[in-house]
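S.K.: Let the sequences and hints guide you as you build the complete structure.
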Amino acid sequence: MRITRSKQTGKYDVFFKYKDHKGKWRSTCRRGFSSKNAAAKYVLEFVAEKNRSLEMTLRDFYEQVYMHDKYPSLKESTKQTKDNIIRTHILPALGDKRMCDIKPVDVLHFFNALEEQDYSETFLRTIRNQLSAMMNHAVNYYDLGSNPVRKVGAFGSKKPERERPFWNQDQMEAFLETVMDKPDVYLAFLVLYWCGLRCGELLSLRPMDIDHERGLIMVRRTYQRIKGKDVFTTPKTANSVRDVTMPDFLAEAVAEHIETFEVAPEQRIFDFTKHKLAHEMKRGCAKLGVEPIPIHSLRHSHVALLAAAGVPLTEVSARLGHSASETTELYLHFFDSSQKNIADKLNQIGGHHE
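Under the working numbering, the letters of the sequence shown match residues 863 to 1216, in that order.
Honestly, I wouldn't trust all of these hints.
Derived lysine-lysine pairs resembling DSS-like cross-links, with alpha carbons at most 27 Å apart [unchecked claim]: (1) Lys869 to Lys903; (2) Lys869 to Lys898; (3) Lys869 to Lys879; (4) Lys1091 to Lys1144; (5) Lys1044 to Lys1138.
Since the hints were derived computationally from the structure, they do not count as laboratory data.
M.R.: Set out below in C-alpha cells:
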C-alpha cells in the first residue's frame, strides 16, 4: 500500500493490491481522501469486503473467513480434526469453485463420488456436516442465498454399521494378566474398564483429582498430545464434568500407586500418551492370540458391565458424562439384553400363574 498527497488537490491518493476471487493479485487506486488515516481505513475495509465476497472460492472462504471466524473458539483437537477433514476430503473436490456457484447438483456429485470410497456411513456423515457447517456460516453471516447441502438432504448415518466391540469381564481379566509387568499400564487399563473414562480424561488425571476419602475420580479436564505438545482442555461436554466412583479395590490400587511412585499433587498419574496405551493393547492381545479392540471400546465394555449388573440407564448416563439420549442411542442394545434377562427371571417367578 502506498499513500501520496496530490499537489493539485491537496487530497490523499492510495495505491494498493488485493486478491480477486480467483486468487490473482490486482492493482488499483482510490483518490480524494482527506487524510492518510482515511485512505488507510478505506483499504482495510475494501480488502475485508473482498475477502468476504461470495465470489471467492470455497478454499479462500475456508482459509480467509471461516477459520478466522470459527476457529478461535474451538479446542485445539477439534480444530485439527475439522481442518484435516476439510483439507483432505472437501477442498480437493470443491475448493476451486466460487461460493456463489456451488449448486445442489455439485454437492450431489461430490457425495456420489465419496460413496464409491471405502468410508463408513458415520464418516460420510461427518464429511457432509463439515461442508454444511461452512455453507451455513456463509448463509448466516455473509448473505449466501441458501445452503446447497441442505437441499441435497441426508448423507451417511449417525449409527455405526456394526455393533461396537467390547470385552466381558473374563476377557478383560485375561488381557490384564498380559500387561501386569508394567504397573502403570496395568492400572490405567484397570481404571478405563472399571470407571468408563474417556482415554483423554484418564491421561489428564493428577493426585489432586482423586478424592481418597470418598473413592472418587473428579473429572475436570482432558489431555491430548498434539504436535509434540501436551494439551489440556475442559472435558468434551458440560455433562462430562463429573465425579466417578471407584470400587474399593481400585481406589486402594490408585492410592498405592500414587504413594509408591511419589506422584506430586499436580503431576499426571499416567505420564504417557494414548499411543502408548494402543501399543500395549496390541502387545497384550498378541500374547493372547486375539484381535485388539480400540481403547475407546473399554468404555463400551464398562457399559456392558453396568448393564449386566442392572444399573439403570439414567445412572449410566451420568457416570459416562453423556446426556440420557446419547446413552440410549449408543448403548441401548446392552440394556435390551439386560431387560430380557429380567423378563426371563420374572417369568420363572410367575410361572405358577399359567
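S.K.: Could you work out which of the previously given hints the structure breaks and list their numbers from low to high?
M.R.: none
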